[in-house]
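Engineer: Per the working numbering: the sequence shown = residues 7 to 486.
Calculated from the structure, these hints are not laboratory results.
Please note that a few of the clues may not be correct.
[Stated by the list, open to error] In silico PhoX-like cross-links for lysine-lysine, where the CA-CA straight-line distance does not exceed 25 Å: (1) K472 x K345; (2) K463 x K227; (3) K339 x K227; (4) K189 x K275; (5) K227 x K116; (6) K72 x K275; (7) K393 x K438; (8) K159 x K438; (9) K189 x K227.
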Amino acid sequence: MKRSIRYAWFKFALITSLLMYAALVYYHVETLMKEREVFTRCYTLDHNQMNLESPNVKNNRGSRSKQSVPEADMFIQEYTERADIINSIYQLNKREHYHVFLSRLKERRKEGKRMAEYLNIEGNETWLLFQRDINQFYLYNPADHQLLNELLKDLNSRPVVKAEINRQSSQLVLILTLDDGGKGVFKPMRMARDAETSDDLYYFSEMERHISEIAAFHLDKVLGFYRAPPTIGRILNITRDIQQVGEETLTNTVYRSPVGNVCFYGKCKNFCDPAFAVCGQPDGIQGSISAFLPSRSFHSASANLHHPWSRSYNMKLKQGWETNEEYCETSVKGQSEFKGRRLLDFMDTSVFDFLIGNMDRHNVEFFSQFGADTFLLHYDHGRGFGKSKYDCMSCLAPVRQCCLIRLSTLAKLIKLYNGPDSLSHVLQESLKADPLAPILWERHLDALDRRVGLIIKVISECITRKRKLWQEVIVDDGVI
7 MKRSIRYAWF KFALITSLLM YAALVYYHVE TLMKEREVFT RCYTLDHNQM NLESPNVKNN
67 RGSRSKQSVP EADMFIQEYT ERADIINSIY QLNKREHYHV FLSRLKERRK EGKRMAEYLN
127 IEGNETWLLF QRDINQFYLY NPADHQLLNE LLKDLNSRPV VKAEINRQSS QLVLILTLDD
187 GGKGVFKPMR MARDAETSDD LYYFSEMERH ISEIAAFHLD KVLGFYRAPP TIGRILNITR
247 DIQQVGEETL TNTVYRSPVG NVCFYGKCKN FCDPAFAVCG QPDGIQGSIS AFLPSRSFHS
307 ASANLHHPWS RSYNMKLKQG WETNEEYCET SVKGQSEFKG RRLLDFMDTS VFDFLIGNMD
367 RHNVEFFSQF GADTFLLHYD HGRGFGKSKY DCMSCLAPVR QCCLIRLSTL AKLIKLYNGP
427 DSLSHVLQES LKADPLAPIL WERHLDALDR RVGLIIKVIS ECITRKRKLW QEVIVDDGVI
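Please put together the full structure from these sequences, using the hints given.
Structural biologist: Laid out in structure tokens, this is it:
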């Protein structure tokens with residue numbers, strides 16, 4: 007009898023427990039479904055809002071569709087009616103897409119010499135082919151898509167056999183040697199994509215952004231300059247790619263965080279201590295890697311050509327150009343180092359820096375074998391894309407003070423302003439190819455479109471307010 011009662015009681019308790027467990031499971035499932043429904047609604051809302059802000063969803067009518075600049079509109083009207091523009095390669099066709107327009111300009115691109123030191127070097131590694139192909143007028147051949155894509159693929163995926171600290175950099179930058187002998191300049195992720203630079207920080211106090219290096223390379227390519235080293239996003243394993251193959255100075259800074267993530271901080275002038283360590287999750291980090299340029303013995307050291315519009319890097323001191331609007335006339339024009347195409351190249355660099363918000367251009371480099379008739383390199387853009395709402399008008403000081411711009415550069419800007427393709431659209435399409443995409447925050451894409459109109463406005467004011475002649479301001483030197 008007692009045994010039957012115990013069995014019945016056990017059966018009752020078991021059934022009761024199963025019912026309670028079933029009720030608990032039902033409650034959790036119901037709660038989860040409700041949370042999922044709320045999440046889905048929020049995600050759909052955010053996704054729709056994101057798409058409404060995306061250049062791919064907007065009526066893509068050029069940069070002016072986001073912010074029309076009256077002075078730019080009037081100037082472009084005059085541009086389209088000029089006899090020297092009509093029936094030239096710079097004539098605007100409202101229905102012609104930007105990539106078609108750029109292709110027409112490329113047909114006029116001059117073929118230049120290559121570096122003699124590399125012509126007889128044998129090998130088929132992509133990094134070697136890239137360096138061998140450097141031309142007097144461009145860093146890489148825009149028509150050789152296969153080589154560029156293979157180079158970027160190797161930079162992104164080839165095993166790292168050695169990691170060193172770049173001691174020429176003021177922040178944490180690594181030089182990675184890959185298994186094919188090629189090298190890349192790696193900048194780890196230090197800031198989130200949506201992190202904006204504080205207004206209270208000076209330009210020389212900013213941390214570098216890996217996404218700025220990636221976006222700058224694509225912007226340089228989209229604008230048809232081809233002067234920035236090929237750059238791509240890459241994920242490194244700190245244990246495998248740094249701790250196991252790094253130099254001692256670097257590996258001595260590797261440690262494990264309290265939550266088990268692998269971190270390192272390297273050795274440099276700024277932001278190289280445990281408070282600013284780069285930490286993996288648990289040991290994977292993302293960053294940008296740029297193709298290594300030829301040995302410095304093959305091109306001029308940066309100190310040989312100081313940027314005439316560089317900043318003081320001092321909170322209290324200002325440079326001459328910051329207080330004298332006649333600086334270009336009195337201190338730049340007429341100087342021997344700015345003869346030929348060089349001054350117009352500085353204008354291109356000024357436009358480029360204004361678009362990305364880069365205030366950190368202090369030295370410039372070029373390949374000395376080609377003399378003065380060669381391009382200025384566009385490199386080291388880690389401090390770009392920091393403020394989406396701030397337009398660095400001082401970055402346009404060279405263009406404003408010299409009242410000078412290359413016709414091909416102006417034509418591209420006008421085309422992007424007028425449409426049908428905006429700068430944000432063509433850049434975003436290019437950035438989709440990067441493995442770390444999305445690269446730029448939407449606000450930075452919008453800022454690019456706003457700045458296109460402002461550049462055209464500055465050129466317009468040179469003619470309307472400063473009474474400069476058209477041919478004095480807008481120069482066609484044959485460079486595309």
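Engineer: Next, verify each hint and record whether it holds.
Structural biologist: Right, here's what the structure says about each hint:
Restraint check for K472 and K345: satisfied, since their Cα atoms lie roughly 23 Å apart, inside the 25 Å limit. The hinted pair formed by K463 and K227 meets the criterion: a straight-line CA distance of about 24 Å does not exceed 25 Å. Using a Cα cut-off of 25 Å, the hinted pair K339 and K227 is violated, with the two alpha carbons roughly 29 Å apart. This hinted pair checks out: K189 and K275 have alpha carbons roughly 23 Å apart, not beyond 25 Å.
At roughly 17 Å between alpha-carbon atoms, K227 and K116 fall within 25 Å of each other, so this suggested pair holds. A distance of roughly 41 Å separates the Cα atoms of K72 and K275; the hinted pair therefore is violated under the 25 Å criterion. Of the pairs offered as hints, the one joining K393 and K438 holds, with about 22 Å between alpha carbons and a cut-off of 25 Å not exceeded. Restraint check for K159 and K438: the C-alpha separation of about 15 Å stays at or below 25 Å, so the hint holds.
The suggested pairing of K189 with K227 holds, with an alpha-carbon distance near 21 Å, which does not exceed 25 Å.
Hint violations for this structure: numbers 3, 6, all remaining hints satisfied.
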